[in-house]
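A.B. asks: This is what each chain is made of:
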Amino acid sequence: MSGVPAIDEDAEDAAFRARLAPLSAEVLPMAVAQTKPVAEALPPRRGRGGLALSVALGGSLLGGGALVYATWPGAPAVPAGGASTSIMSPVAVSPLAVSPLNETAPAAPNGAAISAEDRDMIALLMARGQTALAVNDIAAARMLFERAAGLGSAAAAGAAGKTHDIAYLLETGARGILGDPAAAAAWYRKAAALGDPEAKARLARLEGRAAK
Amino acid sequence: MSQTVPWPRNIPVLSLASTKGGVGKTTLAYVLATEIARRLMALPADGGTWRRCVVCLDADPNRTLAQVLRLTEHPAIVCVESDSDRLLPDLRAARARADLVLIDLEGTANQAMLYAAGKSDLVLVPAQPSRFDVVEAVKTIGVVRKAADLVGRDIAHRVVLSRTPVLRQRVAEHSRGQFARAGLPLLPVELVQRAAFQSMTYTGQPPYAQTGGEQAAANVTALADAVLAAAGLDLPAIEVFARAPAVSASPAGSVQGRGAGGLAPDAHRVA
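Sequence order for the protein chains is A and B.
Per this note's numbering, the very first residue in the first sequence carries number 1; after that it's consecutive.
Per this note's numbering, the very first residue in the second sequence carries number 1; after that it's consecutive.
This is chain B alone, in the form it adopts within the complex (with noise of 0.2 Å):
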């Protein structure tokens, strides 16, 4: 994996956006910017074009990130609570600092969340397979592109599907089926329901860094590798680590081959 598409200059800016709380946004936050970061880290030395920073902005009033960042305390990820007013400023200060910004929202339909959605690259509407996350994904879906709209040009989205669980059930099937129903793309890859993604919030201690979690980290690589390349970017997964057991070892779960939905594939995912 070289780097074929070089990094935008203009720093790229991810939302987690959701009318509706719980489901998923900072998990999927923490998550991504714990491997972004780890990936940026990785990159070879090149002379400071990287600035090696992941900037994560949390506009839950929850400060459910923050906390759990700072538990982390990530040398490559800097954590700075917002809200709606000073959104615009700390996403300005974001962007002269950091390679990649990411906007954690409240879940609620808000002020901030029309801000955040008009500066983004890509939103991503996290949802769990259940009758009242696809209502409010299609709403905030709806939100987010009204708001591109105004701004008078394109914001990528997805919604990606979260807490799917790792055995096959007919509600995720029937949910997938219900968001290719009402035209909204679907991320090809998931966050499945594993143990990891829980006691991280406890531990601060991404799925990479804990014993037994290959499987939630293979997980991560290719969310973070479809969340990149929905959003045009590419950075190079860390290949050393723990992608061969999670394919092999995981009998109904291989999560990176779930939840296409008949939606075209996006070109980059590693497979």
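Here chain A stands alone, though its shape is the one from the complex (with noise of 0.2 Å):
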């Protein structure tokens, strides 16, 4: 495969994108459609409308499918890279709920512009992720926290992180779960961003480590 594709090849291929693109608007939804029969039969789940009840919904779905993980103590429950962004996939649930460890930077440097539906929803997600934690169910606390987090709580953020954090983790004596420190400290650097002081002296420690 030789060559730097010229310019104008380059724009030949535009046009010709651009010349079936009406057929790929409609082809694309016949392929979704056949993949997933069952979505036609059932009523829309993700609307715009309904944004607060799918991610309680999803809290809910998550909760129990991270009981199930929990049930395998042998079997890590996440894969040791990217950790957090593959238990987010395959439930994946809410747009508002998009893993910030995708960023780079946090997206919203003061968590300010939390509505009311979203108050009240970081707090059931924190409470159900306590309750987790206190059964030492850390994966399914870390798919709460993170929801929460996404929802723009600095709080959750941090726990998030916490459940990411190897130190954490030794303390609490949790096992079969893996510790991500990128993650962690992906989710502290956001905490620290969201104004939460515990988090920024915990991503200290956990650099401090890693410099070791």
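Lysine to aspartate or glutamate pairs mimicking EDC-like chemistry, simulated, CA-CA at most 16 Å apart:
#	chain 1	residue 1	chain 2	residue 2
1	B	K119	A	D13
2	B	K146	A	E26
3	B	K119	B	D85
4	B	K119	B	D83
5	B	K139	A	E26
Selected chain A positions facing chain B (Cβ under 10 Å, derived; list incomplete):
#	residue
6	D10
7	R17
8	R19
9	A21
10	P22
11	L23
12	S24
13	V27
Here are the in silico distance ranges between beta carbons for each label pair:
#	chain 1	residue 1	chain 2	residue 2	range
14	B	P8	A	A15	18 to 24 Å
15	B	S199	A	R17	38 to 44 Å
16	B	Q169	A	A18	43 to 49 Å
17	A	P22	B	R86	18 to 24 Å
18	A	S24	B	P8	24 to 30 Å
19	A	P22	B	P89	21 to 27 Å
20	B	Q67	A	A182	28 to 34 Å
21	A	P22	B	G21	23 to 29 Å
22	A	A11	B	G47	32 to 38 Å
23	B	L71	A	A201	53 to 59 Å
Please keep in mind that the hints were generated in silico from the structure rather than gathered at the bench.
Where is the CB? At the ideal position from N, CA and C, for every residue including glycine.
The task is to assemble the complex, starting from two chains supplied on their own in separate frames and drawing on the hints.
C.D. replies: Okay, here's the thing in structure tokens:
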């Protein structure tokens, strides 16, 4: 495969793509309908109007899923690399709860603009997360905290960071779960940016450890 | 069989498309690639007008074609793993080095299918003799025809019945009838159900290289002839190998005589 693509070749390809564009719009939904025929029979679940509901549903679904993970202490519940993105993806729920780990910098520098609805949701997710932590179900707690953090909660981001932090996992004597320093640092950074002092301290400790 | 039709300067592109998986796209792609590569290698020396290379673009994320071609290590086949984003540049590069490009697609309607169809000289739509496959083939051909409208040229297309039973079965006949009634052009040769087409996925040996693969190899020869004819191409078949036994030895499965289904037979077909 030799040769640098010249500009007119790119233009030619672009023109070709543009010509087929009307058909893409028609064909691509067809593929979706085909691979998931069940989706047609179900009422739409992820409408813009029902975000809060979908988050709640997602939270409870994830809680359930996480408990299943937790029953396999032998098998790592989380693959080592890219930990939390892979957790989020199978049941990816709400467009709001996009994992901030995909971004290098935290999206919102301050959490001032959290709506009342989101605050309730955060409280709910945090409570569930703490319950999960109390029974040492780190995997579930992690997902719930990450979801809450996705809504802009500093405390949740800090808590999510802890679930990835090997130091914290050792402290609590957690078993059957993998830590991920990179993910922990990313969450701590987000928490620190949102104004969580504990996260700042933990981040310093984490990076100190990494530096050694 | 002398070469009557000159090979086009614009390197021909064949695509294997279906909105349904598991219909035999990769099987067909593999046997066609190996058969055509074999024919290219067997052409008399001519001072370099032939590149003697088939490039396969595997745009199926399962990469099944790439896997089996890796086993085969055919000197005249290059397999490039592609996707919808890279398909057009990959195709351009492929055309610059090959005599023929084969595109194997994912078994679903997607962007790559549109691009491949839009660039193809012939789109082959494999389908098994079953109702699901007939429905999906109709869908696929619909997409190809619309793509042809949009790019402003005819795109030849054929349904290829695949995994058809060697023995006559009512369901296969019925499916052939269905395609005819739906106005879908059927390739006059089918990919017959044979063990050699399955064992090759493990061994990487094309039917012509397998002991006991003569009937499958004869099927492939006839298939390649029909496919090339449908694309308006001509490459002489390799006569020395196992054509006679296949015709005389198969009682019910004489592959070449099957499945014309009342459609116009292709002129180039070797009987």
